[in-house]
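J.: Line by line, the protein sequences are chains Y and F.
FYI, this note's numbering numbers position 461 of the first sequence as 869, with every residue one higher than the one before it.
FYI, this note's numbering numbers position 144 of the second sequence as 152, with every residue one higher than the one before it.
A couple of the hints might just be wrong.
Cut-off 25 Å, straight-line C-alpha distance, at most; resulting in silico cross-link-like pairs (DSS-like, lysine-lysine) [as the list claims (entries may be wrong)]:
{"hint": "1", "chain 1": "Y", "residue 1": "547", "chain 2": "F", "residue 2": "309"}
{"hint": "2", "chain 1": "F", "residue 1": "278", "chain 2": "Y", "residue 2": "548"}
{"hint": "3", "chain 1": "F", "residue 1": "180", "chain 2": "Y", "residue 2": "548"}
{"hint": "4", "chain 1": "Y", "residue 1": "557", "chain 2": "F", "residue 2": "309"}
{"hint": "5", "chain 1": "F", "residue 1": "278", "chain 2": "Y", "residue 2": "529"}
{"hint": "6", "chain 1": "Y", "residue 1": "557", "chain 2": "F", "residue 2": "180"}
{"hint": "7", "chain 1": "F", "residue 1": "273", "chain 2": "Y", "residue 2": "529"}
{"hint": "8", "chain 1": "F", "residue 1": "273", "chain 2": "Y", "residue 2": "547"}
{"hint": "9", "chain 1": "F", "residue 1": "178", "chain 2": "Y", "residue 2": "531"}
{"hint": "10", "chain 1": "Y", "residue 1": "521", "chain 2": "F", "residue 2": "178"}
{"hint": "11", "chain 1": "F", "residue 1": "153", "chain 2": "Y", "residue 2": "548"}
{"hint": "12", "chain 1": "Y", "residue 1": "548", "chain 2": "F", "residue 2": "258"}
Calculated from the model, a selection of chain Y residues having no Cβ within reach of chain F, i.e. all distances over 12 Å [stated by the list, open to error]:
{"hint": "13", "residue": "483"}
{"hint": "14", "residue": "487"}
{"hint": "15", "residue": "519"}
{"hint": "16", "residue": "555"}
{"hint": "17", "residue": "665"}
Read the hints as simulated data drawn from the structure, not as lab findings.
Here a beta-carbon is modelled for each residue, glycine too, at the ideal position from N, C-alpha and C.
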Amino acid sequence: MAQEKKDTYAIECKGIRKTFGSVVANNNVDLDVKYGEILALLGENGSGKTTLMNMLSGIYHPDAGTIRIGGQEVSINSPTDAIGLGIGMIHQHFKLVDVHSAMDNIVLGTKEKRIRPKELKAKIEEISSKFGLEVDPEKKIYNMSVSEKQTVEILKVLYRGASILILDEPTAVLTPQETEKLFAILRRMKEQGCAIVIITHKLNEVLAISDRVEILRKGESIGTVDTKDIDEKKLTELMVGRPVTLEIDRPERKADAVPEIVIRNLNVERPDGTPGLTNVNFELMEGEILGVAGIAGSGQKELCEAITGLTEIKEGSIVHREEELVGMTFKDIRSRGIRISFVPEDRLGMGLVASMGMVDNVLLKHYQDQQGIFIDRKTPRKMAEKMVKELGILTPSVDTPVRMLSGGNVQKVLLGREIIAEPNVLLTAYPVRGLDINSSYTVYDLLNEQKKKGVAVLLVGEDLDVLLSISDRILVLCHGEVSGIVDARKTTKEEVGLLMTGVKGTKEEKEESTDGSK
Amino acid sequence: MSTVLNLFVAAVLAGTPLLFGTVGEIMNEKVGHLNLGVEGMMSIGACAGFMVGYQTDNVVLALLAAFAAGVAAALIYAVLTITFMADQNVTGLTLTIFGVGLANFIGEYMLNHSATQSLKLPEHISAQIANLHIPVLSDIPVLGKLLFSYNIFVYIGIVTAVICWYYLQKTKTGLNVRAVGENPGAADAAGIRVIRAKYINVLIGGGICGIGGAYSAMIICGGVWISNCVNGLGWISVALVIFASWSPVKAIYGSLAFGCFSVLKYYVPKSIISIPNAFYDMLPFVITALVLVISSVRQSKENNQPASCGTNYFREER
Numbered sequence: 409m410a411q412e413k414k415d416t417y418a419i420e421c422k423g424i425r426k427t428f429g430s431v432v433a434n435n436n437v438d439l440d441v442k443y444g445e446i447l448a449l450l451g452e453n454g455s456g457k458t459t460l461m462n463m464l465s466g467i468y469h470p471d472a473g474t475i476r477i478g479g480q481e482v483s484i485n486s487p488t489d490a491i492g493l494g495i496g497m498i499h500q501h502f503k504l505v506d507v508h509s510a511m512d513n514i515v516l517g518t519k520e521k522r523i524r525p526k527e528l529k530a531k532i533e534e535i536s537s538k539f540g541l542e543v544d545p546e547k548k549i550y551n552m553s554v555s556e557k558q559t560v561e562i563l564k565v566l567y568r569g570a571s572i573l574i575l576d577e578p579t580a581v582l583t584p585q586e587t588e589k590l591f592a593i594l595r596r597m598k599e600q601g602c603a604i605v606i607i608t609h610k611l612n613e614v615l616a617i618s619d620r621v622e623i624l625r626k627g628e629s630i631g632t633v634d635t636k637d638i639d640e641k642k643l644t645e646l647m648v649g650r651p652v653t654l655e656i657d658r659p660e661r662k663a664d665a666v667p668e669i670v671i672r673n674l675n676v677e678r679p680d681g682t683p684g685l686t687n688v689n690f691e692l693m694e695g696e697i698l699g700v701a702g703i704a705g706s707g708q709k710e711l712c713e714a715i716t717g718l719t720e721i722k723e724g725s726i727v728h729r730e731e732e733l734v735g736m737t738f739k740d741i742r743s744r745g746i747r748i749s750f751v752p753e754d755r756l757g758m759g760l761v762a763s764m765g766m767v768d769n770v771l772l773k774h775y776q777d778q779q780g781i782f783i784d785r786k787t788p789r790k791m792a793e794k795m796v797k798e799l800g801i802l803t804p805s806v807d808t809p810v811r812m813l814s815g816g817n818v819q820k821v822l823l824g825r826e827i828i829a830e831p832n833v834l835l836t837a838y839p840v841r842g843l844d845i846n847s848s849y850t851v852y853d854l855l856n857e858q859k860k861k862g863v864a865v866l867l868v869g870e871d872l873d874v875l876l877s878i879s880d881r882i883l884v885l886c887h888g889e890v891s892g893i894v895d896a897r898k899t900t901k902e903e904v905g906l907l908m909t910g911v912k913g914t915k916e917e918k919e920e921s922t923d924g925s926k
Numbered sequence: 009m010s011t012v013l014n015l016f017v018a019a020v021l022a023g024t025p026l027l028f029g030t031v032g033e034i035m036n037e038k039v040g041h042l043n044l045g046v047e048g049m050m051s052i053g054a055c056a057g058f059m060v061g062y063q064t065d066n067v068v069l070a071l072l073a074a075f076a077a078g079v080a081a082a083l084i085y086a087v088l089t090i091t092f093m094a095d096q097n098v099t100g101l102t103l104t105i106f107g108v109g110l111a112n113f114i115g116e117y118m119l120n121h122s123a124t125q126s127l128k129l130p131e132h133i134s135a136q137i138a139n140l141h142i143p144v145l146s147d148i149p150v151l152g153k154l155l156f157s158y159n160i161f162v163y164i165g166i167v168t169a170v171i172c173w174y175y176l177q178k179t180k181t182g183l184n185v186r187a188v189g190e191n192p193g194a195a196d197a198a199g200i201r202v203i204r205a206k207y208i209n210v211l212i213g214g215g216i217c218g219i220g221g222a223y224s225a226m227i228i229c230g231g232v233w234i235s236n237c238v239n240g241l242g243w244i245s246v247a248l249v250i251f252a253s254w255s256p257v258k259a260i261y262g263s264l265a266f267g268c269f270s271v272l273k274y275y276v277p278k279s280i281i282s283i284p285n286a287f288y289d290m291l292p293f294v295i296t297a298l299v300l301v302i303s304s305v306r307q308s309k310e311n312n313q314p315a316s317c318g319t320n321y322f323r324e325e326r
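Bound-form chain Y, shown alone:
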């Protein structure tokens, strides 16, 4: 591959500028990467990282500035040009055709004649073994897990002989094990002489994988640092532009807290008839944050949807302050003045209407309380404006469709809307997924604030470090069962990890869980 070119520049960008209407996405950005090097591109949500990378892959064209690839000044006008220059990009939202097989996706759009499936498979296997990838060439994309899809994307790039690889938040949807696997592949590619640019929000990953870090702030380059000379704190400061603390607050609980929600023997089935939750028992106390840990798909979604009344309950009871919620519809629950707020995982699908502005999204939650036949938009508009001010939401206006906002701001809109309804119970699923560090801390602060107000907060999370430092107790789910409820102040990451895999299903935890239910 590009072995002989090692240590020469693969990409050199100078003074790149790109605007969308009046929004300046990139201004005066410089970036360079050598062959055989991994560069991490770091910046807050909306700092223009993806825009910059899209210019290299031919999706956008820069308004100003020069791009050199392998020393030659080039003009990249389309993805075809980028592929021709050996640039391959793995987009955050995979660019795969769902109904086609891995094989068909890999050869898609290549210039060569159609080759026999047999030869193609052999070729794919050859590349796979060279870089340590695993994929079934005939499997359809819609049957694949996220990590398999990503492997197909990588193969697609390698099949085209790309020597410059750009990955946009590749780890956002991966489990820690899958991330490790991806990094092994990337290191292998680096050894082969590829130039790699990786965008990620996770600072530990930046430190683990990259050789250098380029930092963008508000669309401009702040500078480049060698990874070996830096730590998480300094990176965050460079990114945010001011000193920050990386400690997560954990206010003390009230001593005389009473349970807000008591769940007994809860059983829920998934739509396909398989058990989603089995015999779940626990209490959610007022003024606490109950973390929910577990491997993805262990029943977190079912739990949240059962409490909010969104899914049918097969058996069991959910009692909110003496009132049985099972059997009530969402509307019934509302009319009793029980305010359960839910911040779902799928923000733009389930949480908000992507094509509506903030005002209308706020209105959705409140219009049923309004009197008369006409809609009052003034109150939600005021609420939206208050949210913008208090949460520092970056949006051109409160009427801009929320899909135009960056990930962090979308989450602030959703969380802000739920909080403004003054809930008794707040359920949040992966509230910081895909958010940069600064936005994540805003979310933690908001959750703590709710806790202090006496709200019962259920926090479904994936980052154990965060769960351990913010929650009061952690409920661990394994295959739809509660494998333990532990005190977050006393437990360790290892213990929770073992509970997650169900290895440690012993008496000790049973005691703990009955303890909690007294």
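With the hints as your guide, set chain F onto chain Y.
T.: Leaving out everything else, chain F in the frame of chain Y:
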């Protein structure tokens, strides 16, 4: 037995325009363009084919004219939706209204300027589009009548359907085309020229619809120009696409079945089952509605509408 045989033959003849319409629409939908203008494209094709046939007395020219007119009609749709990103549904509906109106207008004009106040295809071309008699093959008992005694259009239709199927399913270009219909963003990122693929397929699809229109004008209407000669066949074609689950080969069976419904009234003996004719006229449309309901429940991912169908593609959309 002979009634069944006759019904089959009549069903093939009645189903052929549906086949053209359906295959044309499949070509459109495979690149993500739901074109509701099939009725209009067929009407324009009908008018062009018939008038050229009437004037030149040459079946090849008539076919070419019908195809070209279908392409021209589709070009209006393509420019509006692909280049200017107009709403596909509205553009398609407008194309239908425009196409039917234009065909009727030209037909009316020609009628008023003809000596006999009627337009009938000349003898030579009538003979060319009549049912064929292939020596030996057509004389085989039963099979000869079943397979080898149709007019030239029928065979062109089946060949077109098979070619389109091969093109979409078996060639590299076809793979690219299907990718465009499923996920234009992915296709674009893979280096496929999305806009070009869309134009090519929409235009070819329009041309195929145009030939279907010429069939209804020249054969179904018996070689005499009648206003509104396409008469809803375009609409049934749009629904048939779903029935055929976006496969040009399955469109052959689908159009045969629907052809059968539309001629059933002539073959059910009145002495046994006495139902008003209006019921039979209604049948294809009722079945269409039923097909739409049934197929909407179908879950198979592969046999579904191309995912991007109905939405226009803009690379820089955020």
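J.: If a hint holds in the structure, say so; if it doesn't, say that too.
T.: To see whether the hints hold, each was checked on the structure:
About 14 Å separates the Cα atoms of residue 547 (chain Y) and residue 309 (chain F), which keeps this hinted pair within 25 Å; it holds. This hinted pair does not check out: residue 278 (chain F) and residue 548 (chain Y) have alpha carbons roughly 53 Å apart, beyond 25 Å. Taken as a hint, the residue 180 (chain F) and residue 548 (chain Y) pair is honoured in the structure, with Cα atoms around 18 Å apart against an allowance of 25 Å. Straight-line distance between C-alpha atoms of residue 557 (chain Y) and residue 309 (chain F) comes to about 17 Å, which keeps the hinted pair within the 25 Å bound.
Taken as a hint, the residue 278 (chain F) and residue 529 (chain Y) pair is broken in the structure, with Cα atoms around 61 Å apart against an allowance of 25 Å. Between the alpha carbons of residue 557 (chain Y) and residue 180 (chain F) the distance comes to roughly 22 Å, so the proposed pair stays at or under 25 Å and holds. For a cut-off of 25 Å, the pair hint linking residue 273 (chain F) to residue 529 (chain Y) is broken: about 54 Å separates their Cα positions. Between residue 273 (chain F) and residue 547 (chain Y), the direct Cα distance comes to roughly 48 Å. Violation of the 25 Å bound is thereby established for this hinted pair.
Straight-line distance between C-alpha atoms of residue 178 (chain F) and residue 531 (chain Y) comes to about 20 Å, which keeps the hinted pair within the 25 Å bound. With a C-alpha separation of about 12 Å, the suggested pairing of residue 521 (chain Y) with residue 178 (chain F) holds against the 25 Å cut-off. About 44 Å separates the Cα atoms of residue 153 (chain F) and residue 548 (chain Y), which puts this hinted pair outside 25 Å; it is violated. Restraint check: the Cα-Cα separation between residue 548 (chain Y) and residue 258 (chain F) comes to about 23 Å, which is no more than 25 Å; the hinted pair holds.
No Cβ of chain F comes within 12 Å of the Cβ of residue 483 (chain Y); the nearest lies about 16 Å off, and the non-interface call holds. Listed as a non-interface residue, residue 487 (chain Y) fails to keep its Cβ farther than 12 Å from every Cβ of chain F; the least gap is roughly 5 Å. In this structure residue 519 (chain Y) is not separated from chain F by more than 12 Å, as the shortest Cβ-Cβ distance comes to only about 8 Å. At roughly 18 Å, the least C-beta separation between residue 555 (chain Y) and chain F is larger than 12 Å, which holds for a residue marked as non-interface.
Here residue 665 (chain Y) stays apart from chain F, with its beta-carbon at least about 45 Å from theirs, past the 12 Å limit.
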